[in-house]
Amino acid sequence: MKAVVCTKYGPPEVLQLKETEKPAPKENEICIKIFASSVTASDCIIRGFKVPMRFWLPMALAIGLKKPRKSILGMVFAGEVESVGANTQTFKKGDQVYGIDRFGFGSYAEYKCIREDGVLVKKSANAKYEEAAAIPFGGLLALHYLKKGNLQKGQKILVYGASGAVGTAAVQLARHLGAEVTGVCSTANLELVKSLGAHTVIDYTKEDFTEKGELYDLIFNAVGKAKATLQCKNVLVPNGKQITVDDGSPPLRSEDLIWLNGLMEQGRIKAVIDRHYPLEQIVDAHSYVDKGHKKGNVIITVEHSH
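Counting from 1, one number per residue, gives the positions in the sequence shown under UniProt numbering.
Please note: incorrect hints may appear among the correct ones.
As the list claims (entries may be wrong) - As a list, the in silico DSS-like pairs of lysine-lysine whose alpha-carbon atoms are at most 30 Å apart: (1) K147 - K67; (2) K33 - K147; (3) K26 - K93; (4) K212 - K50; (5) K241 - K147; (6) K33 - K22; (7) K153 - K70; (8) K153 - K2; (9) K33 - K8; (10) K206 - K8; (11) K50 - K153; (12) K233 - K128; (13) K122 - K93; (14) K92 - K212; (15) K206 - K291; (16) K295 - K2; (17) K2 - K67; (18) K22 - K148; (19) K291 - K18; (20) K67 - K93; (21) K212 - K147; (22) K2 - K70; (23) K270 - K153; (24) K33 - K18; (25) K147 - K93; (26) K8 - K92; (27) K18 - K8; (28) K233 - K70; (29) K122 - K92; (30) K50 - K122; (31) K122 - K66; (32) K67 - K92; (33) K128 - K291; (34) K8 - K22; (35) K8 - K93.
Said to hold, decoys possible - Across the chosen pairs, the derived CB separations fall in these ranges: (36) P52 - E214: 30 to 40 Å; (37) D247 - L215: 42 to 52 Å; (38) N234 - G267: 48 to 58 Å; (39) I258 - P52: 27 to 37 Å; (40) S124 - H276: 15 to 25 Å.
What the hints contain is simulated information worked out from the structure, not anything from laboratory work. Backbone N, C-alpha and C fix where the C-beta goes; we use that ideal spot for every residue, glycine too.
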């Protein structure tokens with residue numbers, strides 16, 4: 001099968017398209033014929049080993065010292081069940097599924113295997129594979145942090161970095177939960193964030209949200225490394241919370257993806273896709289995401305020759 005192999009840590013060019021052996025499912029696994037994946041910020045961090053020094057050793061021990069122990073990267077997948085292991089019960093051959101395998105990777109390929117109790121769900125018939133691949137990463141992270149912030153109906157939330165994969169999901173989910181949503185993004189993304197349901201949109205290139213006199217119950221920094229975290233205290237209500245997307249490694253849960261899938265089926269959240277790249281152009285896709293200005297998600301499409 002075709003697969004993208006990460007030969008060592010480094011720039012996008014370390015990713016090489018190669019012929020590799022098609023995996024066979026173990027007794028508790030399913031094998032998925034992949035039609036779409038995505039390039040997430042986490043995929044790029046792993047490929048480039050771009051972590052603060054204090055995380056260097058734990059990450060090296062977890063994923064590999066000089067190159068990833070699992071050489072085929074890619075966390076998110078959407079595709080069709082090709083075959084199932086002897087002890088599987090939930091999925092059958094032909095099921096259309098999507099999900100995320102944060103530590104198993106393997107999605108930059110024509111096929112991957114995953115335990116059937118992993119983070120995956122059956123795709124609704126009205127969603128394209130590319131749309132499904134745009135949901136798990138941003139959706140699950142955004143949902144985790146909104147729960148962590150204990151966002152309640154009627155509260156005011158500010159989403160800083162509202163136009164990325166996590167930010168676009170956070171705006172939609174916060175609106176669905178009944179919050180009053182303010183999104184902060186660049187000029188080019190104002191209309192996008194407004195279209196996702198933000199009540200107010202602030203252009204950070206022209207305005208400083210900390211000087212507008214508004215107070216928020218929750219500030220969610222969906223960028224992580226942004227300077228915004230330093231100046232937020234004066235715009236929080238008493239007992240207000242400030243959380244950031246790079247605060248720990250949140251659990252990703254099947255039940256949360258099932259809930260998100262239901263929202264997508266009902267049209268309450270939608271996939272936000274910036275660009276599509278074929279698997280053969282994975283280097284270009286990673287280069288684009290590395291620039292840090294994507295709108296929503298960058299999708300990888302996988303063509304099968306048979």
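We went through each hint and held it up to the structure:
no. : hint                    : in the structure
1   : K147 - K67              : violated, 35 Å
2   : K33 - K147              : violated, 33 Å
3   : K26 - K93               : holds, 15 Å
4   : K212 - K50              : violated, 34 Å
5   : K241 - K147             : holds, 12 Å
6   : K33 - K22               : holds, 10 Å
7   : K153 - K70              : violated, 42 Å
8   : K153 - K2               : violated, 47 Å
9   : K33 - K8                : holds, 26 Å
10  : K206 - K8               : violated, 41 Å
11  : K50 - K153              : violated, 37 Å
12  : K233 - K128             : violated, 42 Å
13  : K122 - K93              : holds, 12 Å
14  : K92 - K212              : violated, 54 Å
15  : K206 - K291             : holds, 21 Å
16  : K295 - K2               : holds, 28 Å
17  : K2 - K67                : holds, 20 Å
18  : K22 - K148              : violated, 40 Å
19  : K291 - K18              : holds, 26 Å
20  : K67 - K93               : violated, 34 Å
21  : K212 - K147             : holds, 26 Å
22  : K2 - K70                : holds, 16 Å
23  : K270 - K153             : holds, 21 Å
24  : K33 - K18               : holds, 17 Å
25  : K147 - K93              : violated, 35 Å
26  : K8 - K92                : violated, 36 Å
27  : K18 - K8                : holds, 14 Å
28  : K233 - K70              : violated, 41 Å
29  : K122 - K92              : holds, 10 Å
30  : K50 - K122              : violated, 33 Å
31  : K122 - K66              : violated, 36 Å
32  : K67 - K92               : violated, 35 Å
33  : K128 - K291             : holds, 27 Å
34  : K8 - K22                : holds, 22 Å
35  : K8 - K93                : violated, 35 Å
36  : P52 - E214: 30 to 40 Å  : holds, 32 Å
37  : D247 - L215: 42 to 52 Å : violated, 22 Å
38  : N234 - G267: 48 to 58 Å : violated, 38 Å
39  : I258 - P52: 27 to 37 Å  : holds, 34 Å
40  : S124 - H276: 15 to 25 Å : holds, 20 Å
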